[in-house]
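This is what each chain is made of:
Protein chains: 2
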Amino acid sequence: GIHYLSQHCSERYEMIGQLLKEEEHDLVLLQEVWSESDYLFLKKTLAHSHPYTHYFKSGVIGSGLAVFSKHKILDTFLYRYSINGYPYMAHHGDWFGGKAVGMVILDICDLTVHAYVTHLHAEYCREKDAYLPHRVVQAWELLHFIRHTSGGADLVILGGDLNMHPRDLGTRLLLAYTGLRDSYTEAERFEGCEEGITLIAENPFINKKELEPFENGIRIDYILFKGLSRVSVKCESLSTTTGSVPGKPFPYSDHEALSGVLLLRSEEGGGDRPQRCSAEPDPGLVDMVNEARTEVKVGLHSAERMRGTVARMGMMGLALLLVELVIALVPWLAHSTEHAFPRASFYLLGALSFATLLLTALLYILYSTQVKTLQGAEDQMRLAVTGLQERLQKHSQTQPVEQGRVQGEPTSTPANSP
Amino acid sequence: GIHYLSQHCSERYEMIGQLLKEEEHDLVLLQEVWSESDYLFLKKTLAHSHPYTHYFKSGVIGSGLAVFSKHKILDTFLYRYSINGYPYMAHHGDWFGGKAVGMVILDICDLTVHAYVTHLHAEYCREKDAYLPHRVVQAWELLHFIRHTSGGADLVILGGDLNMHPRDLGTRLLLAYTGLRDSYTEAERFEGCEEGITLIAENPFINKKELEPFENGIRIDYILFKGLSRVSVKCESLSTTTGSVPGKPFPYSDHEALSGVLLLRSEEGGGDRPQRCSAEPDPGLVDMVNEARTEVKVGLHSAERMRGTVARMGMMGLALLLVELVIALVPWLAHSTEHAFPRASFYLLGALSFATLLLTALLYILYSTQVKTLQGAEDQMRLAVTGLQERLQKHSQTQPVEQGRVQGEPTSTPANSP
Numbered sequence: 002g003i004h005y006l007s008q009h010c011s012e013r014y015e016m017i018g019q020l021l022k023e024e025e026h027d028l029v030l031l032q033e034v035w036s037e038s039d040y041l042f043l044k045k046t047l048a049h050s051h052p053y054t055h056y057f058k059s060g061v062i063g064s065g066l067a068v069f070s071k072h073k074i075l076d077t078f079l080y081r082y083s084i085n086g087y088p089y090m091a092h093h094g095d096w097f098g099g100k101a102v103g104m105v106i107l108d109i110c111d112l113t114v115h116a117y118v119t120h121l122h123a124e125y126c127r128e129k130d131a132y133l134p135h136r137v138v139q140a141w142e143l144l145h146f147i148r149h150t151s152g153g154a155d156l157v158i159l160g161g162d163l164n165m166h167p168r169d170l171g172t173r174l175l176l177a178y179t180g181l182r183d184s185y186t187e188a189e190r191f192e193g194c195e196e197g198i199t200l201i202a203e204n205p206f207i208n209k210k211e212l213e214p215f216e217n218g219i220r221i222d223y224i225l226f227k228g229l230s231r232v233s234v235k236c237e238s239l240s241t242t243t244g245s246v247p248g249k250p251f252p253y254s255d256h257e258a259l260s261g262v263l264l265l266r267s268e269e270g271g272g273d274r275p276q277r278c279s280a281e282p283d284p285g286l287v288d289m290v291n292e293a294r295t296e297v298k299v300g301l302h303s304a305e306r307m308r309g310t311v312a313r314m315g316m317m318g319l320a321l322l323l324v325e326l327v328i329a330l331v332p333w334l335a336h337s338t339e340h341a342f343p344r345a346s347f348y349l350l351g352a353l354s355f356a357t358l359l360l361t362a363l364l365y366i367l368y369s370t371q372v373k374t375l376q377g378a379e380d381q382m383r384l385a386v387t388g389l390q391e392r393l394q395k396h397s398q399t400q401p402v403e404q405g406r407v408q409g410e411p412t413s414t415p416a417n418s419p
Numbered sequence: 002g003i004h005y006l007s008q009h010c011s012e013r014y015e016m017i018g019q020l021l022k023e024e025e026h027d028l029v030l031l032q033e034v035w036s037e038s039d040y041l042f043l044k045k046t047l048a049h050s051h052p053y054t055h056y057f058k059s060g061v062i063g064s065g066l067a068v069f070s071k072h073k074i075l076d077t078f079l080y081r082y083s084i085n086g087y088p089y090m091a092h093h094g095d096w097f098g099g100k101a102v103g104m105v106i107l108d109i110c111d112l113t114v115h116a117y118v119t120h121l122h123a124e125y126c127r128e129k130d131a132y133l134p135h136r137v138v139q140a141w142e143l144l145h146f147i148r149h150t151s152g153g154a155d156l157v158i159l160g161g162d163l164n165m166h167p168r169d170l171g172t173r174l175l176l177a178y179t180g181l182r183d184s185y186t187e188a189e190r191f192e193g194c195e196e197g198i199t200l201i202a203e204n205p206f207i208n209k210k211e212l213e214p215f216e217n218g219i220r221i222d223y224i225l226f227k228g229l230s231r232v233s234v235k236c237e238s239l240s241t242t243t244g245s246v247p248g249k250p251f252p253y254s255d256h257e258a259l260s261g262v263l264l265l266r267s268e269e270g271g272g273d274r275p276q277r278c279s280a281e282p283d284p285g286l287v288d289m290v291n292e293a294r295t296e297v298k299v300g301l302h303s304a305e306r307m308r309g310t311v312a313r314m315g316m317m318g319l320a321l322l323l324v325e326l327v328i329a330l331v332p333w334l335a336h337s338t339e340h341a342f343p344r345a346s347f348y349l350l351g352a353l354s355f356a357t358l359l360l361t362a363l364l365y366i367l368y369s370t371q372v373k374t375l376q377g378a379e380d381q382m383r384l385a386v387t388g389l390q391e392r393l394q395k396h397s398q399t400q401p402v403e404q405g406r407v408q409g410e411p412t413s414t415p416a417n418s419p
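Respectively, the protein sequence lines represent chains A and B.
The opening residue of the first sequence carries number 2 in my numbering; numbering runs sequentially from there.
The opening residue of the second sequence carries number 2 in my numbering; numbering runs sequentially from there.
Bound-form chain A, shown alone (with noise of 0.2 Å):
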């Protein structure tokens, strides 16, 4: 929602309110709110049915991101991906919005409950898409600061714009890393847009083009979930909205809305607690994890790229200053008072090539905080497979002894019965 830009924007906020307050939704979860007018909005409309809220405020427009919840809202936390797109694709807008992880800490009926919510750098393009190795940085960021955060945690649940397909990179380390659960695979009963897509063609709002070639839309927004240590959790069902909305002629939302319902069971003594070290590692996940490095090796590249053109600009432009220095030294040598050059030409270059400096000087930040960022995630997933290689190759050491001692039972069994 972007006021004058974003169409009926104002009605819209006013039927998501509506809607959210007939609903009735433990938790509510949304991005894109970016004018903090509307989050207001909201929470007014809401006070009753949500007396708690949070509202996460980062980047030059904000987050976008706000909680609602039935449910006290004991702690928040706030994590800025690192990387975000370009402040001159302006168009784009990415940039600006300060792309972020919120994590809201809630009291449910005495379980301890880390809600998470994010929205992640778009895709504008998917067949020459520039943003990928941004994209597959934020979902790294994303699955270690959840799993850094969730230790105490009974439930977990992640709900979001991940701007990535269900089979891609970024969705499949994420899922694998955390353990958490897709709430659309996982649901016992389903309703809304076939295989649950939230980015439908129909839409009034998006533009056909970027859909291609998903003639009938894609699942791009997520409700995940998994339940720790106290807890078992099912997702009983899933629906989306639909496009339209009875009544009114156009729908909520560019995308459609996912509501879920969790049905969380006690567990005493019960204990799904991933073990960091003993745990055996998904095989899979070392060649997720190498993927994953190339994309961003390829990111490094083109951000190095960038940066050797942006520096070698910045040299046109002192040269071009050199010149203008030389030429203004000319007269001044040859102890003359006339110009040999037009002044305003020589005005004219000279204002040209402070600008080339001021602008290459920003590019040249902008491109080395890229390649800083692009590097420590590559170091860190670098370890990361050492890390899996290493635990891999101990399971394997340590896999015919416990198979052993498996398969020994049903033999010993007998001699200890009575």
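These are calculated hints, taken from the structure and not from any lab test.
A few of these clues could be false.
No distinction is drawn between identical chains; accordingly, a pair holds when it is met within one copy or between any pair of copies.
What the hints assert, rightly or not - In the DSS-like style, the derived pairs of lysine-lysine whose C-alpha atoms are separated by at most 27 Å in a straight line are: (1) Lys-298 x Lys-44; (2) Lys-73 x Lys-235; (3) Lys-249 x Lys-45; (4) Lys-298 x Lys-45; (5) Lys-22 x Lys-71; (6) Lys-73 x Lys-395; (7) Lys-395 x Lys-71; (8) Lys-22 x Lys-249; (9) Lys-235 x Lys-22.
Once you have looked at the hints, place chain B on chain A.
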């Protein structure tokens, strides 16, 4: 260590490498290793004594944070502070450093150790510290990062240059919120500079003016620690380097190095892991967080004021551009090819208006981001205060009952005894 700017940079890295190799610490947490080549030099020097290492990359130059360990590094994670000075204060350089807190997860004798290394924004003038709100927000983010990511740890260690005195607001908040203990006040034996100071007046690399009014020096570097669940920790000894190095004409660094010995004891079944909701909150914490809110509000007002100034400057640039347009249109409207206005001044004015617009646009983005960040921190602090007050209220209501129970025990004991 900044090459060409810092004196004796390479020699000092050699000295530091030699010292670390000889002293064989389990864990080394370094700050301000700005150049990757210096990190690689240390990595090579310490390859045998400290085979596990990580260098955190962030910002334009880097985070400067490096870890060397005798024990395996299982995982790493970096959190960049959301506010960190101003890019135009290039001589202070903090903005370019990409200040952050790095976490490494180590396996030390089957204990999970979360070690944090950080370097907060420097204080250049204590009397009129424009960066105080930035440092308070950094301390706030640091303490939340530690709280939220140390869930699975047996031992938590934070080492770094906090750029805060022991009684500064940020230090008090950090200790009170995380339960971390200061190795200087806890150490059974201490050897080194008086009062544990780490920035001493005699250091040849520092600007003595910045130390005023603290004649001898200040303590701004810390080793903080706490044991969780299975482990009790005490600090056996702490030491600092004391300026001069025998046989060398200059010290290792502008700060004195801190070394501590921690004694870990397994506590089976014992647990001093803080319970999120049931433990009594420190009543002083509310005042502390309110004090922090005041600082953040001061920063917010200043950022908003600067954003307003910048917006007005931008308007002036726009007005200039309009004047230019009018000047350009006058001869065209008068059907004359002659310029009534001197050409050179016309171009200069044009360049000036463009430069003003570009610069103000950039500054507007910077201040908008800072406003959002400071508002976000203030929101989080307000939530924290409300939560603390509710817990205190609840505790004061349940307190008499609990006291009654405790008081009742001695009288009931004789009845139960045979």
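Report task. Pop the pair Lys-22 and Lys-249 into one bin, within, between, both or neither, using alpha-carbon distances up to 27 Å. Result -> within (17 Å within a copy, 73 Å between copies)
Query raised in the report: From the Cα coordinates, with 27 Å as the cut-off, is the pair Lys-235 and Lys-22 best called within, between, both, or neither?
Result: Result: close within a single copy only, 25 Å intra versus 53 Å inter.
Query raised in the report: When no copy is named, should Lys-298 and Lys-45 be tagged within, between, both, or neither for a Cα gap of at most 27 Å?
Result: For Lys-298 and Lys-45, the Cα distance is within 27 Å only across copies (25 Å; inside one copy 47 Å).
Query raised in the report: How would you classify Lys-73 and Lys-395 at a CA-CA limit of 27 Å: within, between, both, or neither?
Result: between (44 Å within a copy, 15 Å between copies)
Query raised in the report: Can you tell me if Lys-395 and Lys-71 fall within 27 Å by alpha carbon in one copy, between copies, both or neither?
Result: between (46 Å within a copy, 20 Å between copies)
Query raised in the report: Are the CA atoms of Lys-298 and Lys-44 at most 27 Å apart within a copy, between copies, both, or neither?
Result: between (43 Å within a copy, 23 Å between copies)
**Report entry** 27 Å Cα threshold - placement of Lys-235 relative to Lys-73
**Finding:** within (23 Å within a copy, 37 Å between copies)
Requested in this report: Pop the pair Lys-249 and Lys-45 into one bin, within, between, both or neither, using alpha-carbon distances up to 27 Å.
Outcome: within (23 Å within a copy, 68 Å between copies)
**Report entry** Intra- versus inter-subunit Cα pairing at 27 Å for Lys-22 with Lys-71
**Finding:** This pair counts as within: shortest intra-copy Cα distance 11 Å, inter-copy 56 Å.
The structure agrees with every numbered hint stated previously.
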